[in-house]
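Enquirer: What follows is the residue order along each chain.
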Amino acid sequence: MGTTVTLVKESPLPTRKARSAAPAAGKRRGRRENLAGYLFMSPWIAGFLLLTAGPMVASLYFAFTDYNLFNSPKWIGFDNFTKMFDDPRWQKSVEVTAKYVVIGTPLKLLLALGVALLLAQSRRGQAFYRAAFYAPSLIGASVSIAFVWRSIFSDDAVVDRTMALFGVHSGGWVGDPDWILYCLVALAVWQFGAPMVIFLAGLKQVPKELYEAAAMDGAGPFRRFWSITLPMISPVLFFNVLLETIHSFQIFGSAYVVSNASCGPADATLVYTCYLYQQGFKNAQMGFASAMAWMLLLAVALVTAVLFWSQKKWVHYEEDAR
Amino acid sequence: MSATTTPTPSEPLGGIGRKRARSLLWHLGSLLVLAVVLYPVIWVIGASFKPSKDIINSLDLFPAHPILANFTGLADGIADISIWSFFRNSLIYSLGAVAGILISCSLTAYAFAKIRFAGRNVLFALMIGTLLLPYHVLLIPQYVMFQKMELINTYVPLLLGKFLATEAFFVFLMVQFMRNLPKELDEAARIDGCGHLRTYWSIVLPLCRPALITSAIFTFINAWNDFMGPLIYLNEPSKYTVSLGLTMFRDSDGVAANYGGLIAMSLVALLPVLLFFLAFQRYLIDGMATSGLKG
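Those sequence lines, one after another, are chains A and B. Position 305, counted from 1, in the first sequence is what this note's numbering calls 305; the numbers after and before it change by one each time, with no gaps. Position 63, counted from 1, in the second sequence is what this note's numbering calls 63; the numbers after and before it change by one each time, with no gaps.
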């Protein structure tokens with residue numbers, strides 16, 4: 001995402017230059033360009049107002065009301081929020097989601113980076129492996145795969161029996177409140193292909209001379225990774241960390257299907273959005289659900305802000321890139 | 001093991017054996033990852049040919065006596081709904097989404113990339129901002145809005161956003177692509193008297209084919225896989241998409257009465273995505289790769 005931000009800054013402002021050059025004709029042309037621009041943009045502008053900005057305002061208002069879709073919203077101040085903080089199920093959903101994000105995201109990114117490093121050495125079959133490893137990212141979000149996951153992690157099924165051989169855990173993962181979350185984590189990690197492809201593209205852009213020079217100076221493989229590879233791909237790493245973190249905060253479908261729509265057992269897979277769904281669409285607590293949604297937005301905004309702030313310390317952008 | 005201790009693996013002699021060892025290790029590592037990645041897919045293929053009672057507990061990847069009953073059973077449909085109905089609905093949703101994204105996102109991207117209008121940079125920043133916005137903040141008010149408009153149980157709530165370019169990722173992808181097209185082309189078009197609509201349609205769009213194909217395939221797959229949208233907006237089984245249809249295979253206790261049917265249907269539901277992937281994997285992977293890099 002750092003890339004996009006620099007893009008915003010860099011996008012040139014030729015409008016003013018064009019205007020000052022030939023005042024009269026430029027003005028007319030500028031007006032025509034404005035009209036054309038807004039005409040082309042009109043679907044997006046309509047969508048932004050109707051489906052993004054408008055709903056955000058409405059959602060903020062609902063968050064402070066008691067609203068069940070059939071009555072008209074009744075202003076109750078911060079009641080939804082105080083109720084939320086006291087609600088043990090809300091606390092549980094925060095805990096489950098935090099656990100999922102904190103365990104799943106680093107594992108997924110580590111695997112993505114590790115496999116990308118492996119594949120970056122061009123050898124025969126590289127393109128095949130790259131494609132095959134990417135495939136789970138496309139099908140992983142489907143209900144089909146969620147059902148497959150539920151099946152292979154069931155009691156006495158293949159994962160259970162294999163892991164029991166290593167003495168890890170036996171007795172089924174899906175039915176056990178202490179283990180089912182790891183089943184979801186495994187499903188997320190299985191989809192390491194998307195960040196891997198982005199890592200690979202980043203690794204390809206590291207100049208080969210740097211490695212040759214370092215090898216001449218006697219730097220070993222770890223030193224080369226730490227001092228060359230990691231700094232050179234840090235913008236890509238940042239992009240992946242940001243996107244994967246935000247993405248995993250919003251897990252819904254896999255938790256819903258793997259737990260058989262129960263978010264159980266014992267609320268063990270009650271991820272944040274599942275609880276939001278239950279409150280909003282099962283209990284018709286639109287006000288409470290809106291308040292929950294805004295807490296999620298705040299959490300995501302906070303994480304994004306912290307990541308962007310930390311970026312200064314560890315992400316290296318090449319100054320002469322453009 | 002000794003292969004990794006010396007830093008320069010380029011001496012002519014002795015280097016050959018080391019090179020071969022490294023190559024072997026590389027292939028071993030890749031194959032190991034491949035096995036883990038492919039296992040669930042191979043599992044579902046094998047399981048769909050097993051009788052229901054063997055699906056979970058039998059460790060054989062492929063059954064000794066494969067049966068077709070799971071697939072032939074699908075022809076009966078589920079709860080009086082034909083399987084084709086789910087597929088038809090998913091197709092309507094997915095193809096509608098593709099049409100919407102291609103039209104609306106390319107128009108928006110053209111404005112950002114090729115038209116110099118006042119406020120462009122502000123709008124671009126807003127558009128990028130929506131990339132990071134969790135969808136769930138919009139979920140409740142959008143539902144309330146569509147409910148007031150009596151559009152629940154139609155495909156309008158699922159498709160409207162696609163026709164109004166709310167998928168910022170694809171706008172961004174197309175902007176990046178259009179910015180990299182040679183400027184001389186649209187300048188020449190303007191000198192020849194082409195308006196923006198003409199330039200967009202006859203010059204920019206044809207050149208953007210790779211970006212359009214990438215967006216179309218991603219959109220199709222996302223809509224095909226979408227679960228939350230249909231779950232919230234569709235409440236009549238005859239309107240269900242494949243994702244929702246699949247969940248009908250379990251009863252109220254969450255136990256699938258017809259486990260074989262569930263697994264066979266899961267496989268069939270995966271097929272379009274897998275086929276698209278095999279046909280267009282280059283476009284998908286390149287599209288994914290460039291999203292993380294400087295345009």
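Everything labelled a hint here was simulated from the structure, so no lab data went into it. This structure is a prediction, so every number in the text was calculated from the model and none was measured. There could be a bad hint or two in this list.
[To be verified] Straight-line Cα separation of at most 30 Å, DSS-like style, residue types lysine-lysine; simulated pairs:
hint	chain 1	residue 1	chain 2	residue 2
1	A	Lys83	B	Lys19
2	B	Lys239	A	Lys208
3	A	Lys282	B	Lys19
4	A	Lys204	B	Lys239
[Claimed, not checked] Estimated spans, in silico, between C-beta atoms of each pair:
hint	chain 1	residue 1	chain 2	residue 2	range
5	A	Phe81	B	Asn235	37 to 47 Å
6	A	Phe308	B	Leu197	33 to 43 Å
7	B	Gly119	A	Gly218	52 to 62 Å
8	B	Gly119	A	Leu210	34 to 44 Å
9	A	Glu212	B	Leu185	56 to 66 Å
[Stated by the list, open to error] Quick look at which bits of chain B chain A covers, simulated, 3 or more residues with Cβ under 8 Å:
hint	segment
10	121-130
11	149-155
The beta carbon of each residue, even a glycine, is placed where N, CA and C say it ideally should be.
Enquirer: Hint by hint, note whether the structure agrees.
Expert: Hints, verified against the model:
As the CA atoms of A/Lys83 and B/Lys19 are separated by approximately 64 Å, the hinted pair breaks the 30 Å bound. Restraint check: the Cα-Cα separation between B/Lys239 and A/Lys208 comes to about 55 Å, which exceeds 30 Å; the hinted pair is violated. Between the alpha carbons of A/Lys282 and B/Lys19 the distance comes to roughly 61 Å, so the proposed pair goes past 30 Å and is violated. Between A/Lys204 and B/Lys239, the direct Cα distance comes to roughly 46 Å. Violation of the 30 Å bound is thereby established for this hinted pair.
With their beta carbons about 30 Å apart, A/Phe81 and B/Asn235 fall outside the hinted range of 37 to 47 Å. The given range of 33 to 43 Å is respected by A/Phe308 and B/Leu197, whose C-beta atoms sit roughly 39 Å from each other. A beta carbon spacing of about 56 Å between B/Gly119 and A/Gly218 agrees with the range 52 to 62 Å that was offered as a hint. Our hint of 34 to 44 Å for B/Gly119 and A/Leu210 holds, since their Cβ atoms are close to 42 Å apart.
The hint said 56 to 66 Å for the Cβ distance between A/Glu212 and B/Leu185, and at roughly 40 Å that hint is violated. Taking a C-beta to C-beta cut-off of 8 Å, the segment 121-130 of chain B contributes 8 residues in contact with chain A, enough for the three needed, and the coverage statement holds. Counting residues of the segment 149-155 of chain B whose CB lies closer than 8 Å to any CB of chain A gives 0, which falls below the minimum of 3, so the coverage claim is violated.
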